[in-house]
Amino acid sequence: MIRVVLPPHLRTLARVDKEVEVHVADPVTMRSLLDALEARYPMLHGTIRDHVTQQRRPFLRFYASGEDLSLESPDTQLPEAVRSGTEPLLIIGAIAGG
Amino acid sequence: MSGVRVLVGTHKGAFILTSEGERTKWDVSGPYFGGWEVYHMKGSPVDPNRIYASQSSGWFGQIIQRSDDGGRSWYQPGLKPGEPTRNSAGMPLAESNKFVYDTSLATGKPLTTHQWYDGTQHPWEFKRVWHLEPSLTDPDTVYAGVEDAALFRSTDGGKNWHELAGLRGHPSGPRWAPGAGGMCLHSILLDPTNPKRIYVAISAAGVFRTDDAGMTWKPVNRGLSSQHIPNPEADVGHCVHRIAMHKTRPNVLFMQKHWDVMRSDDAGESWQEISGNLPTDFGFVIDVHAHQPETIYVVPIKSDSEHYPPEGKLRVYRSRKGGNEWEPLSNGLSDPDCYVNVLRGSMTVDSLNPCGVYFGTTGGQVYASPDAGDHWAPIVRDLPAVLSVEAQTLP
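Residue numbers (my numbering), protein chains in the order written: chain P, 1 to 98; chain L, 1 to 395.
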C-alpha cells in the first residue's frame, strides 16, 4: 500500500484523518498514484490536479524522502521508499498568511 | 409562525442564520467548510431544504456542496455519506466538481478566446462558481454562473454540469474582458412566467438574455453608458455589478452598474438611468421589495477606487417609486467611521410581511431589517468578509 499525507483541507473533504493508504498497481508513478487516490476518494477529483489538463495545481507541491518531486514527469517511477510504503508521499499546500 | 433562514457565504466558510418570523432573535450555525471561500449558497424555491453551495479555494479549486436537510448536513452530490462512492466497475459515481468548457465539435479546440486586461486574446480558464440559481420548478435542476464567464446547468442535483455554450459562443465573446474582480457571471434571473427566458449579467460584458432556454443569447445593454470603454454605448463591455427583478413583473429589471443605477421596462431591450438623488451612483448591490415591485434598495459606495460608504456612513437607500427619488435609511446603521464594502451578492429580501431586508459587509457584519428598511440591527458583527447573503422564507 502506498501512503499519502494530504493537506488538512483535503483531509476534511475526504473525511479522513492523518495519512491515507491506497493500492497502486505497478508501475507506481505520480500519475498512477493520483489515479488511485481519486478513485478511492472521488471527492478529490480536481483538487490536486486539473480535471482536464491533469496539471498539478500551482499552489500544491509533492515531496517524498526529502526530495521535491513536483516538477518530475508524472510518469516517473516514485522513490523506492514511497513504493515500499516505508515513507509517505507528502502533498503540501503553499503557505498562506499575511 | 413561519421563519427565515439566511445563508451567508464568506471568505472563510459559510454560516446559517435562522429566526422565527419576528426576526428579532437569531440562531447562528457554522462555520461550514471552514477556511474555504464560499461565494454563494442558495436554496431551491420548491424544496427549501435543498441548498446548493459553492465552495472554492485558490489551492484546491472548486467544490459543489449540497444539503437536503436545510443545511444541517452537507455532501458533494453523488457522494452521499454512507453510499458507495464508486460503481461496480470502480468508476466514480459523480464528478460534481467538474466544470469543463465546451469545445468545437468539429475540431475539439476551444470555442473562442476572450479579451485580456492588456487587450490581447486569452483562453477561457475556469476558476470558480460565483452564483448558483436553483430552478423555480425542479430541485434537481440548478444553474451555475462561473468565472471565466460562462453558464453551466445540472439536471441531476449537482452531480454533473454541462455548459450552455451558446452564451460564451456569442459572436461578441472575444470582446468580453474581465473587471478587477475577474470575468465573472454573477447574476442569473429566471423568468417565472416564461421558462425559456433567462437573464445573466457578466463583469465586464453586460446583460444577456435567452428566449430559448439557453440555446442562443443576445446582449441587452442598449441605454447603458460606460466611460471605461472606448465606445461608451457599445453593445458589450459594460461592468454590470448586479441585476434584480420582482417575480410578478419579470419584464422590469433593475441594475447597479459600475457607475449608474438603471432600470428597464422592456425585458432589457432598453435601459434608463434612475440614479436620481443618490449621493453616489457607484455600488454593487440592488434588490427589490418582496411585495412592492416599485420599492428598490441599493447601498451607495463612494467610488470605484474608494470601496466604502460616502463620509464613512453606512446607509441603505430606498426608492418607493422605482428609482430617481431615494431616501437614506440609517436607523440602526449609525456607527461612525464605517469603511466596509457591500459586495454584489450580499443583499437579499425575505417574503414575510413586512418584508425583511438583509445585507452583509466585508467587515463581517450581517444586518437585518424586519420592516422593509425602516429599522436595522446586526445579526452578527464579526464574521469573515461576507461574499453573499441569501434569505429563505420558511413555511
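Calculated directly from the structure, the hints in this document are not laboratory data.
These numbers come from a predicted model, not from an experiment.
Positions of the beta carbon are idealized from the N, C-alpha and C atoms, including for glycine.
Be aware that one or more of the hints could be misleading.
Residues on chain L that point at chain P, a partial pick, calculated with CB under 8 Å [to be verified]:
| hint | residue |
| --- | --- |
| 1 | Gly-58 |
| 2 | His-375 |
| 3 | Pro-378 |
Calculated cross-link-like contacts (lysine to any residue; reagent style SDA-like; alpha-carbon spacing at most 25 Å) [said to hold, decoys possible]:
| hint | chain 1 | residue 1 | chain 2 | residue 2 |
| --- | --- | --- | --- | --- |
| 4 | L | Lys-98 | L | Lys-25 |
| 5 | L | Lys-159 | P | Arg-61 |
| 6 | L | Lys-159 | L | Trp-124 |
| 7 | L | Lys-196 | L | Lys-109 |
| 8 | L | Lys-196 | P | Arg-61 |
| 9 | L | Lys-196 | L | Ser-270 |
| 10 | L | Lys-109 | P | Thr-29 |
| 11 | L | Lys-109 | P | Val-16 |
| 12 | L | Lys-12 | P | Arg-3 |
| 13 | L | Lys-12 | P | Ala-81 |
| 14 | L | Lys-321 | P | Val-16 |
| 15 | L | Lys-109 | L | Gly-169 |
| 16 | L | Lys-98 | P | Glu-67 |
| 17 | L | Lys-218 | P | His-51 |
| 18 | L | Lys-12 | P | Thr-29 |
| 19 | L | Lys-159 | P | Glu-38 |
| 20 | L | Lys-98 | P | Thr-12 |
| 21 | L | Lys-247 | L | Ser-226 |
| 22 | L | Lys-127 | P | Lys-18 |
| 23 | L | Lys-159 | P | Thr-29 |
| 24 | L | Lys-25 | L | Asp-371 |
| 25 | L | Lys-109 | L | Glu-37 |
| 26 | L | Lys-12 | P | Ala-36 |
| 27 | L | Lys-98 | P | Pro-79 |
| 28 | P | Lys-18 | L | Ser-270 |
| 29 | L | Lys-159 | P | Val-16 |
| 30 | L | Lys-98 | P | Pro-8 |
Verification of the hints:
1. Gly-58: holds (6 Å)
2. His-375: With Cβ-Cβ at 36 Å, over 8 Å, it is violated.
3. Pro-378: violated (25 Å)
4. L/Lys-98 to L/Lys-25: Distance of about 39 Å is beyond 25 Å: violated.
5. L/Lys-159 to P/Arg-61: With Cα atoms ~28 Å apart, L/Lys-159 and P/Arg-61 exceed 25 Å; violated.
6. L/Lys-159 to L/Trp-124: It holds: about 23 Å lies between the C-alpha atoms, which stays within 25 Å.
7. L/Lys-196 to L/Lys-109: Violated. L/Lys-196 to L/Lys-109 sits at ~29 Å, over the 25 Å cutoff.
8. L/Lys-196 to P/Arg-61: violated (46 Å)
9. L/Lys-196 to L/Ser-270: holds (20 Å)
10. L/Lys-109 to P/Thr-29: violated (29 Å)
11. L/Lys-109 to P/Val-16: Since the Cα atoms of L/Lys-109 and P/Val-16 sit roughly 39 Å apart, the hinted pair is violated (cutoff 25 Å).
12. L/Lys-12 to P/Arg-3: violated (30 Å)
13. L/Lys-12 to P/Ala-81: Status violated; Cα separation ~37 Å.
14. L/Lys-321 to P/Val-16: violated (55 Å)
15. L/Lys-109 to L/Gly-169: holds (13 Å)
16. L/Lys-98 to P/Glu-67: Given that 25 Å is the threshold and the Cα spacing comes to 31 Å, the pair is violated.
17. L/Lys-218 to P/His-51: violated (31 Å)
18. L/Lys-12 to P/Thr-29: Distance ~34 Å between L/Lys-12 and P/Thr-29 Cα, so the pair is violated.
19. L/Lys-159 to P/Glu-38: holds (16 Å)
20. L/Lys-98 to P/Thr-12: With a Cα-Cα distance of about 19 Å, the restraint between L/Lys-98 and P/Thr-12 holds, given a limit of 25 Å.
21. L/Lys-247 to L/Ser-226: violated (28 Å)
22. L/Lys-127 to P/Lys-18: Violated, because 28 Å separates the two Cα atoms, which is more than 25 Å.
23. L/Lys-159 to P/Thr-29: Violated, at roughly 29 Å.
24. L/Lys-25 to L/Asp-371: Given pair L/Lys-25, L/Asp-371 holds - Cα atoms ~15 Å apart, limit 25 Å.
25. L/Lys-109 to L/Glu-37: violated (31 Å)
26. L/Lys-12 to P/Ala-36: violated (30 Å)
27. L/Lys-98 to P/Pro-79: violated (31 Å)
28. P/Lys-18 to L/Ser-270: Status violated; Cα separation ~58 Å.
29. L/Lys-159 to P/Val-16: holds (22 Å)
30. L/Lys-98 to P/Pro-8: holds (22 Å)
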